[in-house]
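Make a model of the complete structure from these sequences and hints.
For the record, the sequence lines run as chains X and Z.
The opening position of the first sequence corresponds to residue 7 in my numbering, with each subsequent residue numbered one higher.
The opening position of the second sequence corresponds to residue 75 in my numbering, with each subsequent residue numbered one higher.
Keep in mind that the hints were calculated from the coordinates and are not lab data.
Keep in mind it's a predicted model, so treat the numbers as computed, not measured.
Note that CB positions come from ideal geometry on N, CA and C, so glycine has one too.
Any given hint could turn out to be false.
Covered stretches of chain Z, going by a simulated chain X footprint (3 or more residues, C-beta under 8 Å) [to be verified]:
id, stretch
1, 84-91
2, 274-286
Residues from chain X shown here face chain Z by an in silico Cβ test under 7 Å; the list is partial [what the hints assert, rightly or not]:
id, residue
3, Q37
4, W67
5, A74
6, H78
7, R344
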Amino acid sequence: MNSSLALDGDGDAWRLVIGGDWSAPAIAQVQERLELLPQRLEGTVVCDWSGAEAPGIGPAWALLSRLATAGHGELTVHHVGAPHHIAWLEELQRRHVAAASSPARAADGPIENLGRWAIAQAGEVRSLADFLGRIVVVSGRALVNPRALRIPSLARHVYETGVTAIPIVSLIAFLISVIVAYLGAQQLTRFGADIFVVDLVAIAVLREMGVLLTAIIVAGRSGSAFAAEIGVMQLNEETDALRAMGMNPIELLVVPRILALVITLPLLTILADAMGLAGGGLLAHLQLHIPWSQFTSRLRDALAPTTFWSGLVKAPVFAALIAIVGTYRGMQVRDSARELGRLTTLAVVQSIFLVILADALFALLFVRLDF
Amino acid sequence: MNADARPPVIRIRGLVNRFGGQLVHDGLDLDVAAGEIFGIVGGSGSGKSVLLRTMLGLKRADAGTVELYGRDVGRLSPAERAAFVQTFGVTFQNGALISSLTVAENIQLPIREYRTQAPAALAALADLCVALVGLPPETAEKYPAQLSGGMVKRAALARALALEPKLLLLDEPTAGLDPISAAGFDQLLLYLHSQLGLTVVMITHDLDTLFRTCGRMGVILDGVMVSGTRAELAANPHPWIQAYFHGARARAAPEEANG
Numbered sequence: 007m008n009s010s011l012a013l014d015g016d017g018d019a020w021r022l023v024i025g026g027d028w029s030a031p032a033i034a035q036v037q038e039r040l041e042l043l044p045q046r047l048e049g050t051v052v053c054d055w056s057g058a059e060a061p062g063i064g065p066a067w068a069l070l071s072r073l074a075t076a077g078h079g080e081l082t083v084h085h086v087g088a089p090h091h092i093a094w095l096e097e098l099q100r101r102h103v104a105a106a107s108s109p110a111r112a113a114d115g116p117i118e119n120l121g122r123w124a125i126a127q128a129g130e131v132r133s134l135a136d137f138l139g140r141i142v143v144v145s146g147r148a149l150v151n152p153r154a155l156r157i158p159s160l161a162r163h164v165y166e167t168g169v170t171a172i173p174i175v176s177l178i179a180f181l182i183s184v185i186v187a188y189l190g191a192q193q194l195t196r197f198g199a200d201i202f203v204v205d206l207v208a209i210a211v212l213r214e215m216g217v218l219l220t221a222i223i224v225a226g227r228s229g230s231a232f233a234a235e236i237g238v239m240q241l242n243e244e245t246d247a248l249r250a251m252g253m254n255p256i257e258l259l260v261v262p263r264i265l266a267l268v269i270t271l272p273l274l275t276i277l278a279d280a281m282g283l284a285g286g287g288l289l290a291h292l293q294l295h296i297p298w299s300q301f302t303s304r305l306r307d308a309l310a311p312t313t314f315w316s317g318l319v320k321a322p323v324f325a326a327l328i329a330i331v332g333t334y335r336g337m338q339v340r341d342s343a344r345e346l347g348r349l350t351t352l353a354v355v356q357s358i359f360l361v362i363l364a365d366a367l368f369a370l371l372f373v374r375l376d377f
Numbered sequence: 075m076n077a078d079a080r081p082p083v084i085r086i087r088g089l090v091n092r093f094g095g096q097l098v099h100d101g102l103d104l105d106v107a108a109g110e111i112f113g114i115v116g117g118s119g120s121g122k123s124v125l126l127r128t129m130l131g132l133k134r135a136d137a138g139t140v141e142l143y144g145r146d147v148g149r150l151s152p153a154e155r156a157a158f159v160q161t162f163g164v165t166f167q168n169g170a171l172i173s174s175l176t177v178a179e180n181i182q183l184p185i186r187e188y189r190t191q192a193p194a195a196l197a198a199l200a201d202l203c204v205a206l207v208g209l210p211p212e213t214a215e216k217y218p219a220q221l222s223g224g225m226v227k228r229a230a231l232a233r234a235l236a237l238e239p240k241l242l243l244l245d246e247p248t249a250g251l252d253p254i255s256a257a258g259f260d261q262l263l264l265y266l267h268s269q270l271g272l273t274v275v276m277i278t279h280d281l282d283t284l285f286r287t288c289g290r291m292g293v294i295l296d297g298v299m300v301s302g303t304r305a306e307l308a309a310n311p312h313p314w315i316q317a318y319f320h321g322a323r324a325r326a327a328p329e330e331a332n333g
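If you want it as structure tokens, here you go:
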């Protein structure tokens, strides 16, 4: 059955005939009928409920709200044949509206938003400085008192961020250097300069790609894990529990993770370098028929003494960036699962961005130093 | 028992649930009549929450039948299930409000899914539910994380009421609340019960809530349900029931039971 609503009368005496299905599931249809009522009503209106079947409180409430909006406080509403809960709903609505009387705050203009943003950014800088300061203090204490190093926790993180990353880092370094060697070989054979594929692969892998790829993989694996682990601990009030027991979450949770990554990322980089050279050598052998002995002797000529170190020296810096961003975002999680997801994503995106930015700065620096 | 006159809202016969080798329910029977407030108690691990999950159709019974409004919960087609879930409202122990939605959006979630998308209707119904549970109007725009424990429980009840069900299933509605908030919640429940003619089944450990609101109550003991009024249960010689109904906490709770 359909719900119906008929308004007749004029001036200031109205009669509203409510009929048909006004039960709770009929709300969609009821709402369509309500939309047809005039925007403004004055005087008195008599609602005749006698034709309504089992009216639910939802539709009745929607009608009362609609009449209140149309009446602007100048409409008197009477009910005839109404279900017993109408009077109760009217009273409930009166109280609800009275409680909500404070007008909604005006939307902010661009100036307010800019100001709010600036304040938020300043707060961010401050809290980051605070976080870094705490890390320095804890690290300093660890130099004096090795117990503050939390060796068991450090070992676990070295295992989780380093040992378990070995397969994926090896595979990706190997495949990428095969790709680079293949592309290089295609170009260089045109000049008969096949042997320079070795230079290309060696310099690209050792200077840049080994460390950069490893850092990006680690940012995706461990940076996100740091943010999520610490974030969940924040949500469960575990960090508060640690503080309440007189322990320092920075010392227990943050510093071991940063140290672990600073230890493992250079090691993973060395592994990636080796796998990359192996991949390049394999491709040179299969595609260009350069024997392994020739590959290694060419390798020795191609590499300056600094090539390997100019890649490796970046690894601890990247590691610190990734770990600091991950743990910092984790410590920022408050209140909800949504924050956890947002900050974990932010941790990964920002750490990859910072790694690439730092890499660019290193490149500039190395050019200046002729390193 | 008034359950004889009308068909019961909830009718459970010979329910068996087991986890691995452990028997949680072993031939459990339960009848809940329309319009009553029924409390379920039992020791930790006695299977109260499993019983609730079975009634909701979230867990399949290993044997026996669970009927809500005469329909077997275990044998619903997807289309029947959509109609079935609209017949009851449920609150979970920790509120289970969706944390990425405001209170108003949480209330509107089932309405949007099953009833209407019209913005005016959604706004009116969210207002209604917020008003029904006695939350201040500005709460509607807040996120669950910004609410106190008592407000979360009320907001969860508001969402349970969104589709105007005649049956409410509540899991520990007053757990974790201070006694004054808990008493407020009890009053709210009695008030809604009388205004809307609801049938309420609640799991509770709160003796005050149990005695203040529930006409009948059931104890899950060794996998079966022993139910009756407070006086009937208090006369039961089973040691767990004796300890529960005559312990220090029970003696401190008010004597009069609401019928």
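query: Okay, which hints does this one fail, numbers in order?
result: 1, 2, 5, 6
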